[in-house]
Amino acid sequence: MKYLSLAAGVIFATAAAAETPVLNVYAPDYFTSEWGPGPSIEAAFEETCACDLQFSAGDLLPRLMLEGPSTDADIVIGLNTDVTAKARSTGLFAAHGQTNADLDLPIDWTDDVFLPFNWSYVSFVYDATRVTTPLTGFDDLLNLPDNQKIVIQDPRTSISGLALVLWVKATYGDQAGAFWQRLAPHILTVTKGWSEAYGLFTDGEAAVVLSFNTSPAYHIVAEDDDTKRAAIFEAGHYPYFELAAKVAGTDQPELADQFMAFVMSDAFQSLIPMTNWSYPAAQPMSDWPQAFADLPIPSQAVYMDEAQAADLRDTAIEEWRTALSQ
Amino acid sequence: MAHRIVAIITGGLVAVLVLAPLVTVWGWAQTGRAIGAGDWAALRFTLLQSVLSALLSCALAVPLARALVRRRFWGREWVMTALGAPFILPVLIAVMGVLAVFGQNGLVNRALGVFGVEPVSIYGISGVLLVHVFFNLPLATRMIVQGWSRVPAEHLRLAGQLGLRGWAMFRVVEWPMLMRVLPSALGIIFVICLSSFAVALTLGGGPRATTLELAIYQAFRYDFDLAKAANLAVIQAALAGAAAVITVMISGHESVSNTCDRAVFWSHDGWPAAVWDSLWIVAAIAFLGLPIAMVVAQGITGIASLGGSVWWAAGRSIAIAAVSTALCLALALPLTTRWGEVIGTAGLAISPLVLGAGLFLIIRNFANPFDWALVVTCVLNAVLSLPFVLRILRPPAETIRVNYTRLAQSLRLGPTAWLRWVFIPRLRQPLGFAAGVTAALSMGDLGVIVLFGTSEQATLPLKIYQLMGAYRMDQAAAGAVVLLALSLGIFAICDYWGRRDVKD
Chain Z
1109 MKYLSLAAGV IFATAAAAET PVLNVYAPDY FTSEWGPGPS IEAAFEETCA CDLQFSAGDL
1169 LPRLMLEGPS TDADIVIGLN TDVTAKARST GLFAAHGQTN ADLDLPIDWT DDVFLPFNWS
1229 YVSFVYDATR VTTPLTGFDD LLNLPDNQKI VIQDPRTSIS GLALVLWVKA TYGDQAGAFW
1289 QRLAPHILTV TKGWSEAYGL FTDGEAAVVL SFNTSPAYHI VAEDDDTKRA AIFEAGHYPY
1349 FELAAKVAGT DQPELADQFM AFVMSDAFQS LIPMTNWSYP AAQPMSDWPQ AFADLPIPSQ
1409 AVYMDEAQAA DLRDTAIEEW RTALSQ
Chain R
7 MAHRIVAIIT GGLVAVLVLA PLVTVWGWAQ TGRAIGAGDW AALRFTLLQS VLSALLSCAL
67 AVPLARALVR RRFWGREWVM TALGAPFILP VLIAVMGVLA VFGQNGLVNR ALGVFGVEPV
127 SIYGISGVLL VHVFFNLPLA TRMIVQGWSR VPAEHLRLAG QLGLRGWAMF RVVEWPMLMR
187 VLPSALGIIF VICLSSFAVA LTLGGGPRAT TLELAIYQAF RYDFDLAKAA NLAVIQAALA
247 GAAAVITVMI SGHESVSNTC DRAVFWSHDG WPAAVWDSLW IVAAIAFLGL PIAMVVAQGI
307 TGIASLGGSV WWAAGRSIAI AAVSTALCLA LALPLTTRWG EVIGTAGLAI SPLVLGAGLF
367 LIIRNFANPF DWALVVTCVL NAVLSLPFVL RILRPPAETI RVNYTRLAQS LRLGPTAWLR
427 WVFIPRLRQP LGFAAGVTAA LSMGDLGVIV LFGTSEQATL PLKIYQLMGA YRMDQAAAGA
487 VVLLALSLGI FAICDYWGRR DVKD
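Here the protein sequences line up with chains Z and R, keeping their order. Per the numbering used here, the first sequence starts with residue 1109, numbered consecutively. Per the numbering used here, the second sequence starts with residue 7, numbered consecutively.
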């Protein structure tokens, strides 16, 4: 029965596809899940486009690179700044066609291929019932007592982990390795991805976790819990952007352009905070939901552009690995 | 002859299924980056933790299996089934459970805190070993229990008549059996631990605990250096292959002895032995059971909050598990020979990431991989479970052949009659266990499917990850309980089918 209905579904979908054009959007799994922004974005876009937006979830860049120019993707959404150098070098992407000046970001956006649709600052989130003095800089992490450990993500397997390593590198330069050595005793462990680390944090295994400054919004809005707080470092934070791009070889160029314009629209941007738990990229703070507008926000960005990040990445990761392996 | 041909075809099929993707990835890739200092460190750590995990799991499994074979107690059947639980647990859940007991904030440290003792940190090689033993002790125990239950009844009666006890009994009857079973158990656990990655990293406390599989993941996902990923995968496969060949060579053939196919109970030898055995059993139940109980305790209240989509995903996972199991057993039965076991290990030896990438490239030549995601999941589940299934089925299958081939020939039994009346009925107990293991592993496997793309086809493990990715840790914990219950349930059903009316 299952397979009959599956087959029926496939036939049905194919029949429908013959009538309405299909926009294929590759996105990360968390994005398309029912708890992510995907479903509501799909519904909102389909209201205006007379098309069928189909998400395909999974590993974005490896999949695109395996597929090459023959990819079915029309749009890719959910890349981030630390992999754009690699993504750009594939030559698979076209100009986004939107006005960068319409973006509302902590840095000047000049890229005309990759278009940010949301952002936040990489931050350490702590349990305020355990860590009672606010953490205001990396040095405060070094002064945490023994029973308040930090859990971070591995820069070799996780994009937020990589952002942290670049943040430390941008802050400490040649002294980054020395900093990691001093931080090492405070690090409980390193996880493969964000989810595992955040799980250890909510289970009480660690008192501090590497996450985003917007993470507390989830706990405030969904759980009415204000004890999870982001540490705001006075020296600035590394911003984290998620990007959308149009695939150059798309067979639906008009629809793809329409989608890129939709990304910048209020309809799309208003969906971001409560589904992706991050700041919208093209809306002023005055339009954000109250819980987001109320979040403490770092006063400045410490950022490496794509070329710097690509240059320093291997060195920074190796310094991290060496320091934490001792 | 017919047996031989089927065996060769099946063996060839498995070999192609495993090797073709590797060769494809290699062929696709340009020259990659050299293997660096970090990778050699990863290789050393991988070997160290795999060898130690295998030795420790087996060393603890011998006295535990001996205790379980010798003692009859109320609930023993349940203990035997539940013993399978950790092995089939999805990695994520096992780590949650182990940390809830042994972590910073776990039961053990909280108990120590009551007595004013400083918390003990398990992060490091000890944590890696702890989780790997948690996973693999049950597998080793079940394999060794099977070995014990295959000691011919005549040997036991004769030993009884000769008055062999204690050490003499161990040396004459039990040690030769262990020498046949242990290499196989050591080998498979070594190979399982070779590809450990997320667990080793998390419990290992950081990049000290980097394994080869992490290096492969990094090369593939982050550097998109397929050549390097493939090279590292070959190193890993070579280690696994060497382990498989060595263990098969050492373990040799089953003893050629005819038996009357009747089980006897082991004689009891006094209260000190009973106390000793009981201690092992109680300790094992606590060590293996507490983490599972903690997972249940953390998640059970949230089950009502799970939406319909999670239950649909659970249904999809059950269907996938059923298909994978049928496929795996069909592949396994013809391969229950020494060299079949070596070929069968290949599925576990090749990095799943590289396997997935290769299949993706192959399928793309003639179809949209997206449409094939479910089929590929089932096939890969079957191939990845094959090594376990063969380890479980091969020794009893060989015993049956030794004992009954001549009888079957003199009765002129055809291949179908042989399967129907001799082979399957006598293999039923290990067959049930093997089916349970495959089904449960297929329930929990997130697999290599990420490349193929998933949307409405999400399985339960994927739903749990999605919940975690969306900050819904409580619901993820509830989903974990559902996954645990389903994995254990499906395992128990298969295992019960095998052990029903069978005296071991």
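Think of the hints as simulated: they come from the structure by calculation, not from any bench. Every value quoted in this text rests on a predicted model; they were computed, and no experiment measured them. All residues carry an ideal CB built from backbone N, CA and C; glycine is no exception. It is possible that part of the hints are untrue.
[Stated by the list, open to error] Just the calculated beta-carbon pair ranges, DEER-fashion:
1. R:Val408 / Z:Thr1430: 50 to 60 Å
2. Z:Pro1392 / R:Ala26: 32 to 42 Å
3. R:Ser132 / Z:Gly1199: 22 to 32 Å
4. Z:Pro1361 / R:Ile430: 40 to 50 Å
5. Z:Gln1289 / R:Ile306: 52 to 62 Å
6. Z:Arg1290 / R:Pro125: 14 to 24 Å
7. Z:Thr1207 / R:Ala21: 38 to 48 Å
8. R:Ile291 / Z:Gly1199: 31 to 41 Å
9. R:Ser315 / Z:Pro1392: 54 to 64 Å
10. Z:Pro1242 / R:Leu54: 16 to 26 Å
11. R:Ile430 / Z:Asp1422: 25 to 35 Å
12. Z:Arg1290 / R:Gly122: 54 to 64 Å
[Unchecked claim] From the structure, some residues in chain Z lie toward chain R, with a derived Cβ separation under 8 Å:
13. Leu1252
14. Pro1253
15. Lys1257
16. Gly1307
17. Asp1311
18. Trp1385
Evaluation of the provided hints:
no., hint, result
1, R:Val408 / Z:Thr1430: 50 to 60 Å, "56 Å, holds"
2, Z:Pro1392 / R:Ala26: 32 to 42 Å, "55 Å, violated"
3, R:Ser132 / Z:Gly1199: 22 to 32 Å, "49 Å, violated"
4, Z:Pro1361 / R:Ile430: 40 to 50 Å, "60 Å, violated"
5, Z:Gln1289 / R:Ile306: 52 to 62 Å, "43 Å, violated"
6, Z:Arg1290 / R:Pro125: 14 to 24 Å, "22 Å, holds"
7, Z:Thr1207 / R:Ala21: 38 to 48 Å, "57 Å, violated"
8, R:Ile291 / Z:Gly1199: 31 to 41 Å, "60 Å, violated"
9, R:Ser315 / Z:Pro1392: 54 to 64 Å, "35 Å, violated"
10, Z:Pro1242 / R:Leu54: 16 to 26 Å, "42 Å, violated"
11, R:Ile430 / Z:Asp1422: 25 to 35 Å, "57 Å, violated"
12, Z:Arg1290 / R:Gly122: 54 to 64 Å, "29 Å, violated"
13, Leu1252, "13 Å, violated"
14, Pro1253, "12 Å, violated"
15, Lys1257, "7 Å, holds"
16, Gly1307, "6 Å, holds"
17, Asp1311, "7 Å, holds"
18, Trp1385, "7 Å, holds"
Going through the hint list in order, the structure does not satisfy hints 2, 3, 4, 5, 7, 8, 9, 10, 11, 12, 13, 14.
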